[in-house]
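K.L.:
On the provided structure of chain A, position chain B as indicated by the hints.
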Amino acid sequence: MTQQSETARLLAEKARAKQKKEKVRNIIGMVVLGVAFLWSAAVVAVRSFDRGLLSDKPTIRFAHWQLEGDTVNAIEWAIEDYKKVNPDVRVLQIPVPERAYQQWIRVRLIGRTAPDLIEINPWQWQNIIVKYFTPIGEYIDRPNPYNSGEFAEAKDPELVYPDDRPDLEGVPWRQTYADNMEGSWVNDLQDYYGMPMSIFTIRVFANADLLSEATGLSKKELRALVGVPTAGDLQEAAEGNSDGTGPGRPDFTLSDFFAMCEQIKQLARDKGDEGSIVPIAGSKYIAQIFQNRYFQMAFWGLRPDLDLDYNGSSSTAERIRAIFTGRLNLETNPQVAAAHKLLYEISRQFNPGFAQSDRDLSVFLFTQGKAAMIATGSWEAGTLYGIVGGEFDILVFDFPLAGPDSKYAEYIQERISEAGLQAGFAMGLTKHSTHKAEAVDFMHFLTSRRINEQLNKRFKWFPAIRGAGTVPELTNFRPKVEGIWKVFEMHVGSDTLREYEQAYQGFIGKEHIRSLDAHFQQFIEGYEKKFGQLALSDFQKGYRARYDRITQMERQAADARMRVIRADKEIDQLDPVLRRNLVSLVAGSAGAKVTREQEQALVEQVREQTGGNIQKQSPSQPEDRP
Amino acid sequence: MTSLPSRFQNWRWLVLAGASLLAAATGCSAKDDALPDVPPADALEEGWELIRVANFEDAERYLRRALEAEEPETLAEACYAMGHLWQYRIMDEDLAQARQYYQRVVDEFPTSRTAAWAMLALARMESLPKTEKDQDIDQARQMYQQIIEDYPGQIPAHEAAYRYAHTFLEQAQDLEAQQEGIDYLLDYIQKYPETYLAAVMFYDIAGVYTFQKQWTKAVDFYIRADEKDQQFEQRFGDRTLSFNRRSVMYFQIAQIAEHELKNYDLAIKWYRRIVNDLDRDNRQYWARKSIERLTGAQQEPSDADDGSRS
Numbered sequence: 115m116t117q118q119s120e121t122a123r124l125l126a127e128k129a130r131a132k133q134k135k136e137k138v139r140n141i142i143g144m145v146v147l148g149v150a151f152l153w154s155a156a157v158v159a160v161r162s163f164d165r166g167l168l169s170d171k172p173t174i175r176f177a178h179w180q181l182e183g184d185t186v187n188a189i190e191w192a193i194e195d196y197k198k199v200n201p202d203v204r205v206l207q208i209p210v211p212e213r214a215y216q217q218w219i220r221v222r223l224i225g226r227t228a229p230d231l232i233e234i235n236p237w238q239w240q241n242i243i244v245k246y247f248t249p250i251g252e253y254i255d256r257p258n259p260y261n262s263g264e265f266a267e268a269k270d271p272e273l274v275y276p277d278d279r280p281d282l283e284g285v286p287w288r289q290t291y292a293d294n295m296e297g298s299w300v301n302d303l304q305d306y307y308g309m310p311m312s313i314f315t316i317r318v319f320a321n322a323d324l325l326s327e328a329t330g331l332s333k334k335e336l337r338a339l340v341g342v343p344t345a346g347d348l349q350e351a352a353e354g355n356s357d358g359t360g361p362g363r364p365d366f367t368l369s370d371f372f373a374m375c376e377q378i379k380q381l382a383r384d385k386g387d388e389g390s391i392v393p394i395a396g397s398k399y400i401a402q403i404f405q406n407r408y409f410q411m412a413f414w415g416l417r418p419d420l421d422l423d424y425n426g427s428s429s430t431a432e433r434i435r436a437i438f439t440g441r442l443n444l445e446t447n448p449q450v451a452a453a454h455k456l457l458y459e460i461s462r463q464f465n466p467g468f469a470q471s472d473r474d475l476s477v478f479l480f481t482q483g484k485a486a487m488i489a490t491g492s493w494e495a496g497t498l499y500g501i502v503g504g505e506f507d508i509l510v511f512d513f514p515l516a517g518p519d520s521k522y523a524e525y526i527q528e529r530i531s532e533a534g535l536q537a538g539f540a541m542g543l544t545k546h547s548t549h550k551a552e553a554v555d556f557m558h559f560l561t562s563r564r565i566n567e568q569l570n571k572r573f574k575w576f577p578a579i580r581g582a583g584t585v586p587e588l589t590n591f592r593p594k595v596e597g598i599w600k601v602f603e604m605h606v607g608s609d610t611l612r613e614y615e616q617a618y619q620g621f622i623g624k625e626h627i628r629s630l631d632a633h634f635q636q637f638i639e640g641y642e643k644k645f646g647q648l649a650l651s652d653f654q655k656g657y658r659a660r661y662d663r664i665t666q667m668e669r670q671a672a673d674a675r676m677r678v679i680r681a682d683k684e685i686d687q688l689d690p691v692l693r694r695n696l697v698s699l700v701a702g703s704a705g706a707k708v709t710r711e712q713e714q715a716l717v718e719q720v721r722e723q724t725g726g727n728i729q730k731q732s733p734s735q736p737e738d739r740p
Numbered sequence: 005m006t007s008l009p010s011r012f013q014n015w016r017w018l019v020l021a022g023a024s025l026l027a028a029a030t031g032c033s034a035k036d037d038a039l040p041d042v043p044p045a046d047a048l049e050e051g052w053e054l055i056r057v058a059n060f061e062d063a064e065r066y067l068r069r070a071l072e073a074e075e076p077e078t079l080a081e082a083c084y085a086m087g088h089l090w091q092y093r094i095m096d097e098d099l100a101q102a103r104q105y106y107q108r109v110v111d112e113f114p115t116s117r118t119a120a121w122a123m124l125a126l127a128r129m130e131s132l133p134k135t136e137k138d139q140d141i142d143q144a145r146q147m148y149q150q151i152i153e154d155y156p157g158q159i160p161a162h163e164a165a166y167r168y169a170h171t172f173l174e175q176a177q178d179l180e181a182q183q184e185g186i187d188y189l190l191d192y193i194q195k196y197p198e199t200y201l202a203a204v205m206f207y208d209i210a211g212v213y214t215f216q217k218q219w220t221k222a223v224d225f226y227i228r229a230d231e232k233d234q235q236f237e238q239r240f241g242d243r244t245l246s247f248n249r250r251s252v253m254y255f256q257i258a259q260i261a262e263h264e265l266k267n268y269d270l271a272i273k274w275y276r277r278i279v280n281d282l283d284r285d286n287r288q289y290w291a292r293k294s295i296e297r298l299t300g301a302q303q304e305p306s307d308a309d310d311g312s313r314s
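Read top to bottom, the protein sequences are chains A and B. Here the numbering used here = 1-based position in the first sequence + 114. Here the numbering used here = 1-based position in the second sequence + 4.
Simulated from the structure, these hints should not be mistaken for laboratory data. The beta carbon of each residue, even a glycine, is placed where N, CA and C say it ideally should be. Be a bit skeptical, because a hint or two may be false.
[Said to hold, decoys possible] Here are some chain A residues the structure puts well away from chain B; computed CB gaps all over 12 Å:
hint	residue
1	127
2	145
3	200
4	521
5	597
6	607
7	635
8	665
9	714
10	718
[Said to hold, decoys possible] Now the stretches of chain B that chain A is said to cover, found in silico as 3 or more residues with beta-carbon under 8 Å:
hint	stretch
11	86 to 95
12	118 to 125
13	168 to 178
14	190 to 197
15	202 to 212
Next comes chain A alone, as it looks inside the complex (with noise of 0.2 Å):
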């Protein structure tokens, strides 16, 4: 017994000691807790504080996925500038990879947490922006007060200014843009929704140290042959006598810069090693930069036989007319020709390979010395410039034209105009922004011409504003006004694009080929045998997409009819904006069924005149219109 109480007494103690053990190990764990807590808690006001969450202002948050260069910084240059002149407000810069942009957005978009401005694409983004942005189009007719007398900069001396620089100081905001904010437009929507910053052009990056090297010239020289503007332009430019973008150099053909591309080729060989250098950084999407520019130069002269209604275009009925009925011959269309083998001429310039290269490949290529040169956008200017630092100079210029001497003189004779051209980096407003004046004020901080260039000075882009400085290496990002438009694509439906793509990519990426004339031959013979077998189904595909346009076109209209209906106004008191929108979606959905029903018309014609096969004589009467 005496026994038995021992060992229950024992039990107990160990029990008590055991619990006495937990209880110590939950108090230091609950106050390891609360420390911790205490300690994040304390982090989170501490940061809090110091972004301004914490206060009483404003605050705004600007979300963008312009990682590039020092865009980052040039912004938070921005903040601190607007800072000085309106205290009261906070801004928030929230940078966000491009890779995860859109599902962050989407994410707090869908919670409403979303910042107040985002970077958004007001082309492709529709469904998003029409649930969860703003329009903007009540605040762009008003002019941007940062434009005024008070704000009004000096001219900066590191810049180069073009002629054409009006006074903005009551300007309706939309018009000092140089676009007229006409990329911030969503048709589908009939409203304004982005305020951009910069515009972006497309051009030849190159490396003025390799291309030295090889060509044995200097590099004064080489900049005076590819149209970069000397001291002696800028000096013009800065007193008003020309735009600063030098002579054009029209001087600079195709043929110098093939000469130019083997030279490097000669520069590598010379070294021993002939794949060290290549002339031109290719992949899939550089191929195409240069397809997109040489292709619309070289169709240009198929304009003619294409345009039955004149409106300066080729509709798809227009090209199922004009192959079917053997107006325009594939295979000995000389245009068509000369596109192709001037772009399987500029493909044997790229990295062996470059199909399934991706474009970081060749940004990778072009800043490590082992490309002389790449075709790409502005919008990678500051990342270009940023890698290279000082390791080599960059040269900028525009696609050289055939010289009167070259095979392709007939047909690449003018450059793509960029008159139409729209500026990017588009901020949206967020529907549930609590401070949507305040954004509005921001952004009309940063496009305000002295902010807008300076802004864009830093981020190494063209700026957006009209009259806005540039610095002078950038001046041939400058949109060129004068050119010639797209005319032909060479399909008329996504059968026909598939077919052609694959075609195509295994025409410019052959390496070894006994003569061009003869790939292009077999290539061309090739597709245009598929284009006979699927354009006409194509099209009917096309004609079906197209109904179901106008009945969205339809949706839209109705939108407009409702917000007329809520005014309860005749038409001659209705809102311009209001009124302006019926009568586009309403004629526009209305037009566009007549549009339909004329080009189906017309498709069923040829099929009549040719039974659905393609006619390789050229008809004999010179008109065939329908």
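P.N.:
Same frame as chain A, now just chain B:
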């Protein structure tokens, strides 16, 4: 201290946990069907706003509340809004319901300000249904005509007239039908010269003549469209033809004048309009080149220009 699983062996905890789960599940799954507690007119207002941002679920709740309105205008508009909601509810349209609501406006509130719009919506459902197979053009035409007769000179009547004519213009293979549409539009413009759709009506007539290769008439109507558009701008301070439409139209006039009518003065005049009026249009450069070419060779125009037909 007992471990967590042993706690759950305790029935009281189990009951509490079960109750919480049940409450959570009920709360999560419960659909908030209650109608908003706001006056019907306010509910209608909010319902429209929600349709605009494509929040159809909440819009429906608000419009159901608006349907309880006693005031006839509000009730008629609530019916119209419901029709609109069901017609354009993305991924979940119910055209039969839409039709019923529109019809209710027409039948029960024929004098309301929404009635003409409801009739227009019904007519449009006949002439442009989800699939072309369901199209009933005759029925649509009758309804358009009814609107034109019942609401002369009003906004929905102008739109009905435009749509009515288009049911003929769309028949691209039938010249007579197209002419009927053109005649109808011309009569209508004569009757209502101030209609805000006059410029686009002339523009569409010109488009039909372009397709028919009646070049003189095409150019004439494009010019009339521009004149009407300018008159509209003088009255209201803005154009009815979009920038894009105008730039294409000016280019067409100049090109047809040059290549078909061989009227080089007219061509130069319209190339100049592109240069002077259409700032930042990419046709400006080509227009300037054409002026230079035509001015230099006006005595003996060259056919070597790229616009000539092979």
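K.L.:
Each hint should be assessed against the structure and marked as holding or not.
P.N.:
A quick look at each hint next to the structure:
At roughly 18 Å, the least C-beta separation between residue 127(A) and chain B is larger than 12 Å, which holds for a residue marked as non-interface. Every CB of chain B lies more than 12 Å from the CB of residue 145(A), the least distance being 16 Å, so the non-interface label holds. Here residue 200(A) stays apart from chain B, with its beta-carbon at least about 30 Å from theirs, past the 12 Å limit. Even its closest Cβ contact with chain B, about 20 Å, leaves residue 521(A) beyond 12 Å, as expected for a residue assigned away from the interface.
Distance check for residue 597(A) against chain B: the nearest CB is about 6 Å away, which does not clear 12 Å, and the non-interface claim fails. The claim that residue 607(A) is not at the interface with chain B holds, since no C-beta of that chain comes within 12 Å of its own (minimum 19 Å). No Cβ of chain B approaches the Cβ of residue 635(A) within 12 Å, the least distance being about 22 Å, so the stated non-interface status holds. Taking the minimum C-beta to C-beta distance to chain B, about 6 Å, the non-interface status of residue 665(A) is violated against the 12 Å cut.
Non-interface call for residue 714(A) relative to chain B: violated, since the shortest CB-CB distance, roughly 7 Å, does not exceed 12 Å. The beta carbon of residue 718(A) is not kept farther than 12 Å from every beta carbon of chain B, the shortest such distance being approximately 7 Å. As drawn, the stretch 86 to 95 of chain B meets chain A at 3 residues by the rule of a beta-carbon pair under 8 Å; at three or more, the given contact holds. Counting residues of the stretch 118 to 125 of chain B whose beta carbon lies closer than 8 Å to any beta carbon of chain A gives 4, which meets the minimum of three for the stated coverage.
Look at the stretch 168 to 178 of chain B against chain A: 6 of its residues bring a Cβ nearer than 8 Å to a Cβ of that chain, three or more, so the hint holds. With a threshold of 8 Å between beta carbons, the proposed coverage of the stretch 190 to 197 of chain B by chain A is violated, since 0 of its residues qualify and at least three are required. Counting residues of the stretch 202 to 212 of chain B whose CB lies closer than 8 Å to any CB of chain A gives 5, so the stated coverage by that chain holds, three being the minimum.
In this structure, the earlier hints numbered 5, 8, 9, 10 and 14 are contradicted, and the remaining ones agree with it.
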